[in-house]
Every structure is written in C-alpha cells, then in structure tokens.
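In order, the protein sequence lines correspond to chains A and B.
Counting in numbering that gives the first Met the number 0, the first sequence runs from 0 upward without gaps.
Counting in numbering that gives the first Met the number 0, the second sequence runs from 0 upward without gaps.
Simulated from the structure, these hints should not be mistaken for lab results.
Bear in mind that the values here come from a model prediction, so they are computed numbers and not experimental data.
Careful: at least some of the hints might be erroneous.
[Stated by the list, open to error] Below are the DSS-like pairs computed for lysine-lysine, each with C-alpha atoms no more than 30 Å apart in a straight line:
1) A:K19 / B:K178
2) A:K22 / B:K24
3) A:K179 / A:K19
4) B:K19 / A:K101
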Amino acid sequence: MRTVTGIRGTINALAAIFWKGMKHYTRYPGGFLLYLILPFLFTILIFGMGRFIGGGNATLNFAARTGTTNVLVYEMLGSAVWMTGWVVVDDVAVALRDEQMKGTLEQNFLAPVNRFTLLVGISLTDIAITTSIFFIVVGVTLALTMPGAYLGLIQAFLMLLIGLIPLFGIGFLFAGFVIKFKEPYVFTQMVNLIFGALTGTYYPVTILPYWVQFLSGALPQTYVISNMRQIVLANQTLVSLYGSIFILLALALVYPTIGYAVFKKLERNASVTGELSKY
Amino acid sequence: MSQVNSLSTDTLSRLTEEFKAAFMKDLRSYIRQPAWLLGDLVSTPLWFFFLALGVTLFAPTTQTSEYQGFSFFFFGFIFIVLFSTAIWGTGQSVRNEQMAGTLEQFFLAPANRLTLIIGRWARIFVTDALIIGYTTILLYVFGGGPLPLYEPALFVFALGLYEVGSIGFGLLFAGLTMKLKSYNTLSNLVFFSYMILTGALFPVTVIPMPFRYVSLAIPFTYFIDLMRRAALLTPTILPEFLEYMASILVAFAMLLVGFITFNWIEQDARARGSIATN
Chain A
0 MRTVTGIRGT INALAAIFWK GMKHYTRYPG GFLLYLILPF LFTILIFGMG RFIGGGNATL
60 NFAARTGTTN VLVYEMLGSA VWMTGWVVVD DVAVALRDEQ MKGTLEQNFL APVNRFTLLV
120 GISLTDIAIT TSIFFIVVGV TLALTMPGAY LGLIQAFLML LIGLIPLFGI GFLFAGFVIK
180 FKEPYVFTQM VNLIFGALTG TYYPVTILPY WVQFLSGALP QTYVISNMRQ IVLANQTLVS
240 LYGSIFILLA LALVYPTIGY AVFKKLERNA SVTGELSKY
Chain B
0 MSQVNSLSTD TLSRLTEEFK AAFMKDLRSY IRQPAWLLGD LVSTPLWFFF LALGVTLFAP
60 TTQTSEYQGF SFFFFGFIFI VLFSTAIWGT GQSVRNEQMA GTLEQFFLAP ANRLTLIIGR
120 WARIFVTDAL IIGYTTILLY VFGGGPLPLY EPALFVFALG LYEVGSIGFG LLFAGLTMKL
180 KSYNTLSNLV FFSYMILTGA LFPVTVIPMP FRYVSLAIPF TYFIDLMRRA ALLTPTILPE
240 FLEYMASILV AFAMLLVGFI TFNWIEQDAR ARGSIATN
C-alpha cells in the first residue's frame, strides 16, 4: 500500500492525528481534569496517613529518610511523573483499542499513513497533555512553596521530555498487546499501579527489596522522578546528573525500537488471523 | 406502561428468583473474563503495598506501635474496597448495560430492576470478600500478623449498616449514570474524596478543622468509625450509643433516598428518551 512520504506529507499527517487527539481532550475535559486533581488527592492522602503514623514528628521522620522536609514538593514531583505515565499508557496503548471498539480501526489502518507515524501522532498529543499537567501540577506546587525555583522547574521539565521518549516506546509495546489480547482496562490499571509502585512515586526506590530495585532500574520514570527531586530539592543540575541522563537516552533507543517491533509483529499476526476488528 | 417496576415482581419468591438470576448472570460474566479476576487479585494487594510504602517514610525510626498502624490501614483498605463496590459495582451497573447496548432489554424484562442491580451488588460483595480474604492471607504470609477483631458481632452489624447505606448511595449513582455520560470523572473524584474525607485510612482528627466539618457531615465517616471501633476498640467520634442510633437512621434514609432518586431519574430518562444514549 502506498503511504504518505516526504517531510511535508508526514508533518501534515502528524498534525491531523495530533489535532484529532486534542479535540478529543477538549470535548471530554473531565479526563484531563482528573489528571490534574489526582496528584493533589494522592499527596493529601499519603500525607494524612503519614501524619497519623508519625504524629508531630512526621515531617522530621520523612526528612530523615529522604533528605528533605519539603514533603509536598517531593510527593507532587512523583505524582506528576506518575500521571504522565498514566496518560501515555491510557492513550497510546488504549487508543487503538478505542478505535477497534468504535469500529474505526480499519479506516485508520487503511489510511495512507504508516503505523509509526500514527503512533508518533498519538504521542504528540500526549506531549502537549503531559506538558500541561506538569506545568499546572508542579508549577502551582512550586509557586506556592518555592517561588524562586523556576530554573529548577525548567530543568525538571527537560528531564521529563527526555523520559517521555522511552515511555512512548513502552506505550507502543502495550498498544501491540492490547490489539492482541483486547480487554485493555484491567491491563492498564495494573500497569499504572505497577509503575507507581516500582518507580518511587511516593518514596525512594532504595527502600524496595534489591530485586525490585533491579526492575525499577529498567523503567524510565524511576530516573525522571529521582532526577527531578535532585534538581528541585537538592539544587543539582542536568549536567551533574549526566550519568542517569545517559541511561535515559539509552532507554530512549531501546524501548521505542523494541516497542515498535513488537507492535508490528502483533499487528501483522492480527491482520493474518482476522483479529484486528474483533470487538 | 406507567409503573416503574413490573407487576410480575409482587411476591417474595419471585423477587428471590430475580435476585438469584441477576447474581448468577453477573457471576458468569465475571468468571468469563479471567482478566478481571487476575486484575483484582494483583491490583488489590498492590494498592495496599503501594500506599503503605509511601506512609512508612513518616513512621518513627524506632517504631513500637507498628502493629496497630498496620491493622488500622488494613481496615482502611477494606473500607475502600467496600466503597468501590458502591461506586463501580452498584453505581456502574446501569452504565455497563448502556455501553453493552443491553439496557433496553434489561429494563423491558418482566423483572424489578432494583433487584437486578442489587444482584450485581451481591456478586461484587461476594468476590470482594474473597479478595479481602486472599489479601489478608497474603499480608499475613508477608509478615503483617493476624488482624484483631475484638467485637465480631458489632462489626458485622456495623458492616450491615455500611452496606445498607452503600446500596442507597450506589442506587443514587446508578441513577446519575442515566443523566451523566462522563461517569468516570465523577466516580473517581467521589472515590478519592471518600478516601481522604471519611477517615478510612487515617482518623478524622488528622484533618484540619474547616475540612473536618465536611468529614463529619458524611455518613460513611460514622459507619467506618463504628466498624473500626468494633474491630480495634478505637474511640468513637460521638458517644457510642448515639453513633449507632444515628447510623441506623442515616443508613436507611440513604437507602430510601437512593431508591426514590433512582426511580425518579429513570422515569425522567424514559420520558426524554435518554435511557440508552451511549
């Protein structure tokens, strides 16, 4: 099948997919609102439980284990990155299943656009959404608690952008699984929870058992959360964190390559067995 | 057809039969989707571990009352699972049929639709109880210790009040699904607000003062308080006898309000032709 080629054609296709995603978000703003509110609710919940357990010394106990008394920023950075992963898993992985449910997957796959462009287009919408989540959630938190930390905010955002590339790769991988196995919602719920638990959303991963830390090390969000906390709360810079940035860049090569290869393989199998449009 | 419920549901045996059929239908549907069962078995204990790990950062470094804290959180986790039944079980029953395109058949069947919804609630209550049991064993194996239950009879009674109230709340939510199509946002917001405001995971005394009034105005705060009192002998918010009396009244009032609201919204949706709008 002939597909759109050339830079201009690809950009037009990407723009069309991007705007389609954005229209969906603006027509159903409830989902976006939830992504903005959940980090605050989870942080309040954890802090409330912590206050009960730790009493008047809760913050000091927290500082003894994390090196900072700024509980709100520490937890909100974790929450914001967790929500980012949540958006990518919910959107990239489930987007094609949604098309399947609506009966429009075949039209999408028959359009003269290659699959990679389609997946990248969906990811572009998510870059806009996750950027908004980051600046609203983390920006508001920093404005309230650390008004002078704008440089840290920008560096933390750059860290997020680097981390998004491998995360999209994971999203491509899951998109293939969802086409193959259907029933994505149980799957995404579990994956989001596992990501939250493994990546140190509300605690340093060093408190996890050693074998679990090994799994954490394979997830990009682990580095993003840890580095953001270093930048914002310990005045580190992107340059001083070059080691974990190299790891993130390596993951940015590995995950999209594996993710897309697996997606293509599962998609090809589904098109042979006639499973593509099964409801 | 002006009556809300079918005339064929006028005997107790008929209602029991309908309830059993609704329960079995939902159980079959659940068992046919092994992913749901797997998701529940993995996600439920994982949520507990996830939140508990976050909280350990605040614990004293020389912890002596760890066991009591564990029990407190574990009961909190049970209260959350129970509430999820009201929101995503009873509340979402109508929405699920709407999405599957079977709501019209469901409502045209010569059966009481409230029985059908309560049949779904019963299925989820049973599977939730199994999952809570499984998680208790799992946590015990991981060193959490046995859970105390000092006054089992009072605990069951308070649980009964909780469930009566939650069915009423679930019916209200089920009615709302006929009005609101973007149900997920509302249900998530209500669910997380419940976790924070009702003292499920920490006592309401931890909540700062203006917000504590909101907590004290939520009926679930008292149902939870009574269950925790029965299980762990923690002090109650109100004098115990008064709290039981108030909870009994509120639980049945919630059931009544849920029932009336559901019927009212359904009648309205039928008149507007919006019942099956997806």
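Cross-check of the supplied hints:
1. A:K19 / B:K178: Cα-Cα ~27 Å, so holds.
2. A:K22 / B:K24: 38 Å, violated
3. A:K179 / A:K19: Distance ~24 Å between A:K179 and A:K19 Cα, so the pair holds.
4. B:K19 / A:K101: 34 Å, violated
Checked against the numbered hints given earlier, this structure breaks hints 2, 4; the rest are met.
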